[in-house]
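Peer 1: Protein chains in written order, with my numbering: chain Y, 1 to 343; chain C, 1 to 165; chain R, 1 to 166; chain H, 1 to 379.
Don't read these hints as lab results, they were simulated from the structure. The reader is advised that the hints may include incorrect statements.
What the hints assert, rightly or not - Each computed DSS-like pair below joins lysine-lysine, with the alpha-carbon atoms no more than 25 angstroms apart:
{"hint": "1", "chain 1": "C", "residue 1": "Lys7", "chain 2": "C", "residue 2": "Lys17"}
{"hint": "2", "chain 1": "C", "residue 1": "Lys135", "chain 2": "H", "residue 2": "Lys42"}
{"hint": "3", "chain 1": "H", "residue 1": "Lys356", "chain 2": "C", "residue 2": "Lys135"}
Unchecked claim - Some chain H residues flagged as far from chain R (calculated, every beta-carbon gap over 10 angstroms):
{"hint": "4", "residue": "His22"}
{"hint": "5", "residue": "Pro23"}
{"hint": "6", "residue": "Tyr49"}
{"hint": "7", "residue": "His51"}
{"hint": "8", "residue": "Pro69"}
{"hint": "9", "residue": "Glu143"}
{"hint": "10", "residue": "Leu146"}
{"hint": "11", "residue": "Arg156"}
{"hint": "12", "residue": "Gln191"}
{"hint": "13", "residue": "Asn194"}
{"hint": "14", "residue": "Asn209"}
{"hint": "15", "residue": "Pro242"}
{"hint": "16", "residue": "Ile253"}
{"hint": "17", "residue": "Glu259"}
Stated by the list, open to error - From the structure, some residues in chain H lie toward chain C, with a derived Cβ separation under 8 angstroms:
{"hint": "18", "residue": "Gly310"}
{"hint": "19", "residue": "Val312"}
{"hint": "20", "residue": "Gly324"}
{"hint": "21", "residue": "Ser349"}
Just so you know, these numbers come straight off a predicted model, no measurement behind them. By construction, the Cβ of each residue, glycine as well, lies at the ideal position given by its N, Cα and C atoms.
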Amino acid sequence: MIEFLENITPSTTMALVIHAMIPLGLILVYALFAIWMERKVAAHVQDRLGPMRVGWHGWAQTIADMLKLLQKEDIIPTDASRFLFRFAPFLIFVASYAAFAVIPFSSGYIGSSINIGVFYLLAITSLLTLSVIMAAWASNNKWSLLGGMRSAAQMVSYEVPTIMSVLSVIVVAGSLNLMTVTEMQSGNEILGFLPNWLIFQNPFLLVAFVIFFVSILAESHRVPFDLPESESELVAGYQTEYSGMRWGIFMLAEYADMLLLSLLGVVLFFGGWNSPFGTFMDGPVWGFFWFMLKGMLLVFVMMWIRWTLPRYRVDQLMRICWNILIPASFVNFVLIALWEMIF
Amino acid sequence: MKSDALKSPEEIYEYLKASFDELLEYVPAELGQSWITVPPFSMKAVAKFLRDDPALRFNTLMCQSGVHYPDEDELGVTYHLHSTSHKHTLVLKVRVPIADPRVQSVEAIWKTADWHEREAWDLLGIVFDGHPNLKRILCPEGWEGHPLRKDYRQQETYLGVTTGA
Amino acid sequence: MGLLDKKYHDSNIIIVPLENALNWARKSSLWYEQFGLACCAIEMMATAASHYDFDRFGILPRSSPRQADVMIVAGTVTMKMASRIERLYEQMSEPRYVISMGSCSNSGGPYWEHGYHVLKGVDKVIPVDVYVPGCPPRPEALLEGFLKLQERITNETVVESKPDGK
Amino acid sequence: MDEIITNGVQKQEMVINMGPQHPSTHGVLRLEVVLDGEVVKKVTADIGYLHRCFEKHAEAMDDYSKVIPYTDRIDYVSAMNQEHGYVIAVEKLLDLEVPERVEYMRVILAELQRIASHLLGVGTFGLDLGAFTPFLYCFIEREKILKIFEKVSGARLLYNYMCIGGLMQDIPEDFKTDTREFVKTFRPKIQELNDLLSSNRIFIDRTANIGVLPAEVALNYAASGPMLRGSGVKWDLRRNDPYSIYDRFEFDIPVGKGEVGTVGDCWDRYIVRVREMEESLKIIEQALDQMPDEGDVKEAVPKRVRPAEGEVYVRTETPRGELGYYIISDKSASPFRVKARAPSFVNLSILPAISKGALIADLVAIVGSIDIVLGEVDR
Chain Y
1 MIEFLENITP STTMALVIHA MIPLGLILVY ALFAIWMERK VAAHVQDRLG PMRVGWHGWA
61 QTIADMLKLL QKEDIIPTDA SRFLFRFAPF LIFVASYAAF AVIPFSSGYI GSSINIGVFY
121 LLAITSLLTL SVIMAAWASN NKWSLLGGMR SAAQMVSYEV PTIMSVLSVI VVAGSLNLMT
181 VTEMQSGNEI LGFLPNWLIF QNPFLLVAFV IFFVSILAES HRVPFDLPES ESELVAGYQT
241 EYSGMRWGIF MLAEYADMLL LSLLGVVLFF GGWNSPFGTF MDGPVWGFFW FMLKGMLLVF
301 VMMWIRWTLP RYRVDQLMRI CWNILIPASF VNFVLIALWE MIF
Chain C
1 MKSDALKSPE EIYEYLKASF DELLEYVPAE LGQSWITVPP FSMKAVAKFL RDDPALRFNT
61 LMCQSGVHYP DEDELGVTYH LHSTSHKHTL VLKVRVPIAD PRVQSVEAIW KTADWHEREA
121 WDLLGIVFDG HPNLKRILCP EGWEGHPLRK DYRQQETYLG VTTGA
Chain R
1 MGLLDKKYHD SNIIIVPLEN ALNWARKSSL WYEQFGLACC AIEMMATAAS HYDFDRFGIL
61 PRSSPRQADV MIVAGTVTMK MASRIERLYE QMSEPRYVIS MGSCSNSGGP YWEHGYHVLK
121 GVDKVIPVDV YVPGCPPRPE ALLEGFLKLQ ERITNETVVE SKPDGK
Chain H
1 MDEIITNGVQ KQEMVINMGP QHPSTHGVLR LEVVLDGEVV KKVTADIGYL HRCFEKHAEA
61 MDDYSKVIPY TDRIDYVSAM NQEHGYVIAV EKLLDLEVPE RVEYMRVILA ELQRIASHLL
121 GVGTFGLDLG AFTPFLYCFI EREKILKIFE KVSGARLLYN YMCIGGLMQD IPEDFKTDTR
181 EFVKTFRPKI QELNDLLSSN RIFIDRTANI GVLPAEVALN YAASGPMLRG SGVKWDLRRN
241 DPYSIYDRFE FDIPVGKGEV GTVGDCWDRY IVRVREMEES LKIIEQALDQ MPDEGDVKEA
301 VPKRVRPAEG EVYVRTETPR GELGYYIISD KSASPFRVKA RAPSFVNLSI LPAISKGALI
361 ADLVAIVGSI DIVLGEVDR
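From just these sequences and the hints, can you work out the full model?
Peer 2: Here is the structure:
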């Protein structure tokens, strides 16, 4: 990709900038689509229609929302810490955007194919916690503060099972480079027809995926773990004092985060950009299609869960993490390692 | 102890007379239920007796209402009691002069009286002696007058907003 | 019209499409504050529920006033509540609108004469854009109120009106 | 803020205001909550934000029947039940016999209203716990009841349909078929609700053992309705102090048994409501079968309502509990005093007693399980 960009643009710098901007464009287009999709999914789950008036079946709804948010007054509460209050939305967005750098979107495009891709991704997503606390503390609002504290506890705890389940994949794959992990999953050899995806390679990786999925639900603040912004308890949690586009950026980051973690799941368990039909419909462009399709399916499942389940309480959330997920993920890790030794 | 005998207010009155003698007064009514009038200063003792006596066991205060009787220049409180174990009901009434409207609180006997008494104070200005937290409940603090009195005149503005009086 | 209100002196080929786009965005995405007062709130909920479906028009509930565009005063405003409503209105960010839903918030409704504790019309404390009559208004009436508000937004302009009335 | 020093660590309690504008206070209730972290130390309910002077209006009206529209607005979620209670009270004051057909109609409408109200209560309870979809499913069913009501009375929410001694107008011809159709389609929906919410693991985790209200406390606080029955007390005025024609129907009184937790917890209160809907369906079916087809609904309506001097206290079972009307008549055309003993008002006063030591999320669940209507709390 970068060679191609260097060929068509006058300077290397420009090529690099464009190269780096691709995920940004992707996030924006995806967010427009995902927010619309969320509303449509919600509506159809609830026997409604959802947005209908703006364009065909309301496809332009999110564009209108964004354009409106841009026009809104930018309120900074008098008692807020002004710098942190303004800075937090950007930090949260930077964190989710930067993490996309190591995601292999197709065989032809990865932002940076570094050897410590997984490590980098997990490290940079930890910034999300920081920015949420920053937003909460800076707002000088009690609801925000409670939301921020919940968020900090939740994200720090759920990082452990996430990392453990990611590690179990790494044990099988033997590389921290996400591109390498994807490439080793090509082909259809398991039982003669199943693709070589990691989830099919080792029965314990299925368990690892379940743990991973539950943890990313919590990491991206989705129901049943959406406590930091739980509407019926904390008004809007850490976002309570934000208005206009600053709030919009939080929204954007939340959806970007959802996509990021889903895509990570796709790379680690569902063969990344590999086609499910072997060499059929394979190639860089099809690869991108398959990759996004799998990612969006996971995002869809997250939405589906959101509109079906109630929400956990904060202590139950912690108990699930420390009493169930973390021990389970450790045991599972050992079992995967044993399986790898034996077979 | 199941006591089917003590069903009507009159029987209950006869039973109460043994303990409270001259204090109580039985008032038969043509329409609706007859009631027993209790002096305001012994309300709590009567209430405690009614709740705890095994033959009575009025464990629930269904309703407590304040009333303003402008003709007599009096305020009144009506208590509707009932017992889930003996399945009987009783009406008690207290009358106090409007100049000194003090009634003993029954908050300690039936917890539900807490809010009912605050409401009666708020809307009618009946003072309940012994109530731990007797302040306005429906109207905001700083409201003038007691709206359910028949001679209530609405204040013209509240916090700078006209009330439309 | 919020921040851009009357900022320009002349209408021109750039401003007109811009204005249209901005107005279109605002009218298509009216987020209301999730805030019910009395009987009308139940009808407001019914309007948001499956049968009438606010979301068709892009109307969403927000529980924080900061993120809301329109406040539906759904129900009787009492003296005790009046100052809170004023405060909530102040917490909303511009551009903001108010729909007064039902007779009570329009004028005091059935509590007009003897309601010592009822505010006789929410417009005594905050400015109202659209009044929806009814006690309570049917969901269709509330939707009509939103359509009227959209109409009103469409006609807003960023151009300062000239002193000669043009 | 009080400072607490434990083991050399300085802690501060946080005072937080829930409401009057808060998504889960069911209207304009303000709760002043003292928190230690997320643990509730003390709750003080501040009510009166919707005080609409019902009692003053009742005294100011120059006719007993003019009060009926205001009774609708006390509890706007179950207006039919409110009207029912009031007209029964005035009829008792007048010593008035009401035609059979009217009684049956009133019972059917009151029970339909009970279902509609419980649907709202159950739905918003789910909403408080973060389950958005069951709430909308409940509203779909509620909308069907409102359609029946609209055909009957012309209004969706506040009907002003019952009048002293009768009804405003006769029922439409297809009322019976509509209601039967509804009863038939609604039964499976209750099962659906049970599958989606009542037996949901997360829902049970959130509601079991939360906000436990023991029976003695409930009686001492004069709790009523599902709040009392949730605590295991089999007390339903339709059975224990029958009014109207409720003694003619076969139905059970569901009580909380502590199936998933302790007796009297939030889940018990919730499930009592769900089961009551089934019982109401039974009553409706029986009433539809027994109801006479002919009869003038305005037969007994008096020309002028002027009761003799006296007073009555009439209590009826509304979806939220015991609604009592204490009416004093002084022989004039307007009531001397009307006191509405509203179930929500009394039930809400228990909140501080049962929410100590809960988390904020539990507090939301407890408020939701009490199922208050602020119009009734403040009147």
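Peer 1: If a hint holds in the structure, say so; if it does not, say that too.
Peer 2: Do the hints match the structure? See the list:
{"no.": "1", "hint": "C/Lys7 to C/Lys17", "in the structure": "holds, 16 angstroms"}
{"no.": "2", "hint": "C/Lys135 to H/Lys42", "in the structure": "holds, 18 angstroms"}
{"no.": "3", "hint": "H/Lys356 to C/Lys135", "in the structure": "holds, 22 angstroms"}
{"no.": "4", "hint": "His22", "in the structure": "violated, 8 angstroms"}
{"no.": "5", "hint": "Pro23", "in the structure": "violated, 4 angstroms"}
{"no.": "6", "hint": "Tyr49", "in the structure": "violated, 5 angstroms"}
{"no.": "7", "hint": "His51", "in the structure": "violated, 5 angstroms"}
{"no.": "8", "hint": "Pro69", "in the structure": "violated, 6 angstroms"}
{"no.": "9", "hint": "Glu143", "in the structure": "violated, 5 angstroms"}
{"no.": "10", "hint": "Leu146", "in the structure": "violated, 8 angstroms"}
{"no.": "11", "hint": "Arg156", "in the structure": "violated, 6 angstroms"}
{"no.": "12", "hint": "Gln191", "in the structure": "holds, 19 angstroms"}
{"no.": "13", "hint": "Asn194", "in the structure": "holds, 20 angstroms"}
{"no.": "14", "hint": "Asn209", "in the structure": "holds, 28 angstroms"}
{"no.": "15", "hint": "Pro242", "in the structure": "holds, 30 angstroms"}
{"no.": "16", "hint": "Ile253", "in the structure": "holds, 27 angstroms"}
{"no.": "17", "hint": "Glu259", "in the structure": "holds, 30 angstroms"}
{"no.": "18", "hint": "Gly310", "in the structure": "holds, 3 angstroms"}
{"no.": "19", "hint": "Val312", "in the structure": "holds, 4 angstroms"}
{"no.": "20", "hint": "Gly324", "in the structure": "holds, 5 angstroms"}
{"no.": "21", "hint": "Ser349", "in the structure": "holds, 4 angstroms"}
Of the numbered hints stated above, those contradicted by the structure are hints 4, 5, 6, 7, 8, 9, 10 and 11, listed in ascending order.
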